[in-house]
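Participant: Let the sequences and hints guide you as you build the complete structure.
Number of protein chains: 2
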Amino acid sequence: MRAPVALEHAYRLINHGPVTLVSAAHGDKSNLMTVAWCMALDFTPPKLAIVLSQESHTRSLVDGSGELVVQVPPRRMLDVVDAVGNCSGARVDKWARFGLAPAKAARVQAPLVEGCTAWLECRVLPKPELADELDLFVCEVLAAWADDEAFAEGRWREDLPEPLRALHHVAGGSYLVDGKQVRARRL
Amino acid sequence: MRAPVALEHAYRLINHGPVTLVSAAHGDKSNLMTVAWCMALDFTPPKLAIVLSQESHTRSLVDGSGELVVQVPPRRMLDVVDAVGNCSGARVDKWARFGLAPAKAARVQAPLVEGCTAWLECRVLPKPELADELDLFVCEVLAAWADDEAFAEGRWREDLPEPLRALHHVAGGSYLVDGKQVRARRL
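Keeping their order, the protein sequence lines are chains E and Y.
All residue numbers in the first sequence are consecutive under our numbering, ending with 187.
All residue numbers in the second sequence are consecutive under our numbering, ending with 187.
Quick caveat, the hints were computed from the structure, so don't treat them as lab data.
A few of these clues could be false.
To be clear about the criterion: a stretch of chain Y counts as covered by chain E if any three or more of its residues have a C-beta under 8 angstroms from a C-beta of chain E, and this derived list gives those stretches [unchecked claim]: (1) 8-18; (2) 36-47; (3) 75-85; (4) 110-121; (5) 138-146.
All values reported here derive from a predicted model rather than from experimental measurement.
Just so it is clear, CB atoms sit at the ideal spot from N, CA and C, and this is done for glycine as well.
Facilitator: Written out as C-alpha cells, the structure is:
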C-alpha cells in the first residue's frame, strides 16, 4: 500500500540509482517518460537533480508547470519502463497505450503512476540557465511515498521478492535487477 | 585488465547508478572519497554531474585542481568502499590505511584507484555558483577506462561473477549488489 515517507528519508528512495519514471501535467495534458539520469542532491529539505531532454513531451509539460513526480518502477514493470522510454507522448497516449493508471498526487498536479514502489512529488527550482544549457533540473521534494511492501521504516526492505526490486538501466533494452543487500564489515 | 573505453560509451559506465569512488590530487596531496550522488549528464562529449560535500577533504582538492576521477568499485571492495566513506583524508592517509594503490591517469593529475572496474577522468566545468549553492559539480569526461573482464564492447558483461558486480548504496553500511541483467520485451 502507498504510505507516506518522512522527507528526511526521501533521498533513500533513489539513493541506489534506479531507473525512474517521470510524470508531469500542464493544462489538460499529462505524460510520463523513462529517465535514468536522476540523483539525490540534498537531505533536508530533500532535493534531487534530473536530466530531461529538450525533445521530450514530458519536458515541455515540466517547463510549463514547474512540477514533476519521480517514481521508482519495479521489475514487474520492466516491459512498460522500456516501452515508455521509446515513444513520445506527442504522438501516443502512453497511459492508455500501456494500461497505466494515474493517481492523484498530494502537492503537485502531475499524477502518480500506479504500480511503482516509490514516488517523489517535486517542484522545479527556477534555474533556467541549467535547463537551457544542460537539460538539468534541480527539484525540491515536497512529498514522498512508498509501497510499504517494498520500503518501510525509512529504508528498502531486504530480500524483496524479485517483482518488487528496482531496475538499473544498462543500455538499449537491458536492465540490471537489484540483487542481494549486503552489509560492509568495519575495517 | 584496464582497457580504454570509447568516449561515446563513457556514460554507460555509470548509467546503472552505482556507488562511486572519487579521487583527486592537488599539489603534493591526493585523496579519495565514496560518492553515491553521481549521474551521467550527456553523451558526446560525455559529461557527468556529481555532489561533493563542502566538508570533505577531496572536495578541497577538486576545488584546487579542477579535476577528479570517478571510478566504479566492485563488490569485492565493499568493506573499503564503506570505510573510505566514513573517515576524512584530512586526518587519515586513506591510501595507506586501506591498502589502496594509486595508478597514473592519462589526462588528469588525480590518480586512478586500482581494483575498480571503471574509471572516468574528468575536468570540472567552471560553475562556481552550483558548487557554492548545491555542492554540485558538472564535469566533462576526458578519458574513460574499464576492466575488460567486466565491461567490453561498450557495455557491462552479462553474468559477471559476484566480486566484479557494482554496488548501490542503500543507507548506512548497506549496499545492493547488481543482480541479473534482463531484457525488456517489445510491447
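Participant: Give a verdict on every hint.
Facilitator: Tested hints:
A count of 5 residues in the stretch 8-18 of chain Y with a Cβ less than 8 angstroms from any Cβ of chain E is obtained; the coverage claim is therefore met, three being the minimum. For the stretch 36-47 of chain Y, the stated coverage by chain E is satisfied: 8 residues place a CB nearer than 8 angstroms to a CB of that chain, which reaches the threshold of 3. Counting residues of the stretch 75-85 of chain Y whose beta-carbon sits less than 8 angstroms from any beta-carbon of chain E gives 7, enough to reach three: the coverage restraint holds. Taking a C-beta to C-beta cut-off of 8 angstroms, the stretch 110-121 of chain Y contributes 0 residues in contact with chain E, too few for the three needed, and the coverage statement is violated.
Residues of the stretch 138-146 of chain Y with a Cβ under 8 angstroms from some Cβ of chain E number 1, which does not satisfy the need for three, so the listed coverage is violated.
The structure is inconsistent with the numbered hints 4, 5, although it conforms to all the rest.
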